[in-house]
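Asker: As a plain string of letters, each chain reads:
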Amino acid sequence: MSRPTKKTQRSTLEPLEKCPTGIAGLDEVTLGGLPRGRPTLVCGAAGCGKTLLAMEFIVRGIREFGENGVFMSFEESEDDLVKNVASLGFDLKALQRHSKLVLDHVHIERREIEETGEYDLEGLFVRLGAAIDKVGAKRVAIDTLEALFAGLPNEAILRSELRRLFRWLRERGVTAIITGEKGEQTLTRYGLEEYISDCVIFLDHRIANQIATRRLRVVKYRGSAHGTNEYPTMIDTSGLSVLPISSLGLDYPVGTKRISTGVDWLDGMLSGKGYMEGSSILVSGTAGTGKTTLAAAFLDGVCRRGGRSLFFSFEESPAQIIRNMHSIGIDIQRHCDKGMLKIHSSRSSLYGLEQHLVMLHQLVKGFKPKAVVIDPVTNLAPVGSSDEIKAMLTRMIDYLKNEGVTTVFTSLTEGGEALDRTEIAISSLMDTWLMAEMVLRNERRQRRLSVLKSRGMSHSNEMQPFVLSERGIEISDV
Amino acid sequence: MAKTAVLNRKTRPNKAAANPGLWQLRLYVAGQTPRSVAAFANLKRICEENIPGQYDIEVIDLLKNPQLAKGDQILAVPTLVRKLPVPVRKIIGDLSNTVRVLVGLDLRQKS
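Protein sequences appear in the order of chains A and B. Taken in order, the first sequence gives residues 1 to 478; the numbers are from the numbering used here. Taken in order, the second sequence gives residues 1001 to 1111; the numbers are from the numbering used here.
For the record, the hints were derived by calculation from the structure and aren't laboratory data. Mixed in with the good hints, there may be bad ones.
Claimed, not checked - When the alpha-carbon atoms are kept at most 30 Å apart in a straight line, the in silico DSBU-like pairs for lysine-lysine are as follows:
| hint | chain 1 | residue 1 | chain 2 | residue 2 |
| --- | --- | --- | --- | --- |
| 1 | B | Lys-1044 | A | Lys-134 |
| 2 | A | Lys-93 | B | Lys-1064 |
| 3 | A | Lys-182 | B | Lys-1083 |
| 4 | A | Lys-134 | B | Lys-1083 |
| 5 | A | Lys-257 | B | Lys-1070 |
| 6 | A | Lys-93 | B | Lys-1044 |
| 7 | B | Lys-1064 | A | Lys-83 |
Everything numeric in this text was worked out from a predicted model, so none of it was measured.
Construct the entire structure; sequences and hints are all you get.
Answerer: Okay, structure coming up:
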């Protein structure tokens, strides 16, 4: 075999030193960052975010960790790079001016190159070395090295030079990201994974039901433990973020503190004190039974007591929710004005399941709410299979519980279905389950609310009739 | 001796502007390796045989002037760049295959 089996010798028992990327979530998945002083391969198909990851690694290295960087691009010109990341608030021109960053666009035109006799890629080394020396770089990104294969005719020379390049990068002691295009059978089209064996990260971008989801996986990480799952990933205005959520388990803190439902008589049904703080609550029911109203009343109560809350709506716009609540005497506009309540509305079909999850994660992380409403969770059904939704909700619940956030999920029950059945079989994940229903009595429709279960407390077994009036959610006499 | 010639940057400066028929050639090397010495010797011989008196060779040692690699997009060494006449042509390698050098410089048609 031509490929020698390398046994990396680690002289001491010191753990591998890590180089933090500063990319949200990635450092958690890799338990601290990329291997310091070694090259890491980032691979994936076109449009998966390789360049962005590499660029963030460099820019965040400069801004957050004081480590200067070199970005060598084989694809995009310097102007394009500057423009592409400007929307993320990265001012590459300024970083260059302050001698913290070197951008180098390597352009190879196959048509104008004739080959005769022996050569090596010393020119590339000299160029990279000069760039590293110019700013005293600690970090290097090379995007996409495989362009060399298209530009230079002699693959044998190229391969031996690539091997030399990676050895050279290690000798220089820089932490490097090399990106590579995904191949048919292999991680990269030209088998770069053969040369870079310390750390390999795979980015995936797939489409299911016309909805794109991004995922990241650490394929290997020599000398270090790492999360092995596929982690949902998102690209937004703050760059790339990875969600290390499945690393959470069933070990979140539990308390016995209680939190009011925002409706006095409903508190009464739950042994007089309301929901358990940090628990998950499901409010299910057919259309028009008052699920959203019950959920909003809860957030109103939280805000009135000085807590922050977050309304995650898949159905209605913020203005619509505010107006509807106003009609039954609940003024949530003032909470919005004071910055205590945040309403986030987006169509469920706008993103993949995981994107919703990442978005919620970011909102919760940034806003630190005490209570969250997700309305309605059943709207996620067209976005994924029921298994996927359940998996996603499990992650969501694990995360929220870990943060001690009390969450109300509403769930729409379709007419004709058994009322005590939730569409996506999530009731087992919930601590408290309220069911709102509409019954016909004397030619009138009447709303009724019952508590199907509530873990950790005694609760009423009554079916409580109620009305939505301009004074709020009130008990009605039978 | 070829060795000293390699180290001489710019043998005849700015003649290209004065003489439009002149071939302006630039040879990029990295240090004085046997390969770069061979490339220079090969180039000199080919020029003498084909375009005597009409050429100007500038040798650039990237180890001394690393910043110059960027301008002509040099990766491989040795690289010969034909700056004039336009269009710019690049030939990589030690120039040991005379026929290919001639084709690369447009001195001979590709057969």
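Asker: Each hint needs a verdict: does it hold in this structure or not?
Answerer: Now for the hints, and whether the structure bears them out:
As the CA atoms of B:Lys-1044 and A:Lys-134 are separated by approximately 35 Å, the hinted pair breaks the 30 Å bound. Restraint check for A:Lys-93 and B:Lys-1064: the C-alpha separation of about 27 Å stays at or below 30 Å, so the hint holds. For the suggested pair A:Lys-182 and B:Lys-1083, the alpha carbons sit about 37 Å apart, so the restraint of at most 30 Å is broken. About 28 Å separates the Cα atoms of A:Lys-134 and B:Lys-1083, which keeps this hinted pair within 30 Å; it holds.
Distance check on the hinted pair: A:Lys-257 and B:Lys-1070 sit about 66 Å apart at the alpha-carbon level, beyond 30 Å; violated. A threshold of 30 Å between alpha carbons decides the hint, and for A:Lys-93 with B:Lys-1044 the separation of about 43 Å lies outside it, so the pair is violated. Of the supplied pair hints, the one linking B:Lys-1064 and A:Lys-83 is violated, its CA atoms being roughly 33 Å apart against a limit of 30 Å.
Comparing the model with each earlier hint shows violations of hints 1, 3, 5, 6 and 7; every other hint is respected.
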